[in-house]
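A.B. asks: All chains should be modelled from the sequences, with the hints used to inform the complete structure.
There are 2 protein chains.
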Amino acid sequence: MRYRRTDIIDRALTVLDAYGLADLSMRRLGSELGVQPSALYHHFANKQTLLAALADEILERGRRERSASGWDAKVLELGRELRDAMLAWRDGAELVATVHAFGLGAARPDEDLAEALSGADLPEAVLPVAVNTVLHFVLGHALQEQTQMQAASVGAIADEPRERSDFDLGLGLVVDGIRVHAEVSTRRR
Amino acid sequence: MRYRRTDIIDRALTVLDAYGLADLSMRRLGSELGVQPSALYHHFANKQTLLAALADEILERGRRERSASGWDAKVLELGRELRDAMLAWRDGAELVATVHAFGLGAARPDEDLAEALSGADLPEAVLPVAVNTVLHFVLGHALQEQTQMQAASVGAIADEPRERSDFDLGLGLVVDGIRVHAEVSTRRR
DNA sequence: ACCTGAACACCGTTCAAGT
DNA sequence: ACCTGAACACCGTTCAAGT
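Chains A and B, in that order, are what the protein sequence lines are.
Note that UniProt numbering numbers the first sequence so that position 171 is 171, with each residue one more than the last.
Note that UniProt numbering numbers the second sequence so that position 9 is 9, with each residue one more than the last.
Source of the hints: derived by calculation from the structure; they are not laboratory data.
Check the hints yourself; a few may be wrong.
[Unchecked claim] Derived list of chain A stretches under chain B, where covered just means 3 residues or more per stretch with a C-beta under 8 Å from a C-beta of chain B: (1) 101-109; (2) 126-137; (3) 140-153.
Idealized CB from N, CA, C, for every residue including glycine.
C.D. replies: In structure tokens, the structure reads:
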């Protein structure tokens with residue numbers, strides 16, 4: 001069996017979704033492909049690189065048509081797309097957040113957000129701060145949503161269904177006195 | 001050598017600070033204490049529990065006198081305290097963020113923030129959303145600050161010193177039409 | 001180009017047994 | 001109460017060698 005990079009990423013995604021991030025080991029992925037673990041190192045320098053490629057693929061597959069016109073509506077739209085992309089896969093938020101925290105993976109969401117936020121006429125130096133703040137919020141919130149969803153699906157059905165995710169939450173920034181405003185949906189799907 | 005829980009936490013913190021979270025293994029901590037790794041399981045049910053206790057200790061040691069009076073000044077003060085507490089230890093932000101994401105560790109920061117934000121007269125149901133948003137922002141931002149600090153201290157001195165952390169960043173919330181405002185310092189120490 | 005086989009240096013956790 | 005010793009079932013990564 002001879003594989004290409006994309007084959008391995010595809011299979012890694014199904015393993016992720018079926019068994020979770022903790023069980024996505026190089027050895028497990030290898031055996032799932034019917035291949036020695038060492039064979040994977042022909043395609044990826046190390047596990048981190050593979051995970052970064054996985055995170056990119058998750059975001060890529062979550063891409064949607066974008067129709068919003070105002071800069072704040074654009075930010076909202078991007079936040080929703082990002083969140084939905086991560087929540088579509090088991091441990092997706094954890095994977096993407098980890099990869100992002102370590103500065104790996106594509107800068108796609110950063111660029112898209114920067115493009116949207118550039119419509120807010122922020123001072124140039126302040127734009128990256130705004131991008132990061134929105135991104136932190138979306139990643140952190142999705143991480144928590146997913147953790148709670150998955151915790152709820154494992155036995156702890158006894159706990160009252162958390163209601164705090166049932167709001168539309170507005171995120172505003174005030175950077176050097178300039179107000180930025182955007183919203184991120186946290187409604188249950 | 002007979003140890004108590006607190007001895008182990010103390011030593012774990014020095015190992016964390018010296019070698020980082022990735023090298024803080026039960027085996028390594030055991031050998032650092034001159035004890036079999038299995039001995040640690042007399043004091044902690046598992047590694048996750050130990051890490052949660054470590055996160056709590058980091059926040060506890062970072063506690064400061066609080067003097068702010070307005071609710072928004074209180075939120076700012078708490079955010080700064082939290083951030084400084086995490087940045088005081090190698091991988092401190094990663095540790096605390098991970099423990100928090102998995103719903104472990106003390107609910108201390110949540111309670112403190114809820115107390116501060118309760119002064120904003122938000123609808124009851126909306127308070128936890130505001131708490132989580134501020135917390136996500138502070139954790140996510142500290143995580144990124146620390147990652148970049150540590151990346152910069154390892155060889156990559158060539159890169160231009162990132163200037164985007166040199167701002168006071170304001171975080172505003174708009175929840176169900178009600179405005180909340182707080183600030184978090186991102187100045188270099 | 002892609003993979004095998006074997007090795008290296010590790011992990012977290014359990015459990016009977018010791019003092 | 002606290003620890004040892006040994007075991008179980010794993011890890012990521014490297015590297016010579018094969019096709």
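A.B. asks: Could you run down the list of hints and mark each one as holding or not?
C.D. replies: Consistency of the hints with the structure:
no. : hint    : verdict
1   : 101-109 : holds (count 3)
2   : 126-137 : holds (count 8)
3   : 140-153 : holds (count 7)
Checked against the numbered hints listed earlier, the structure breaks none of them; every hint is satisfied.
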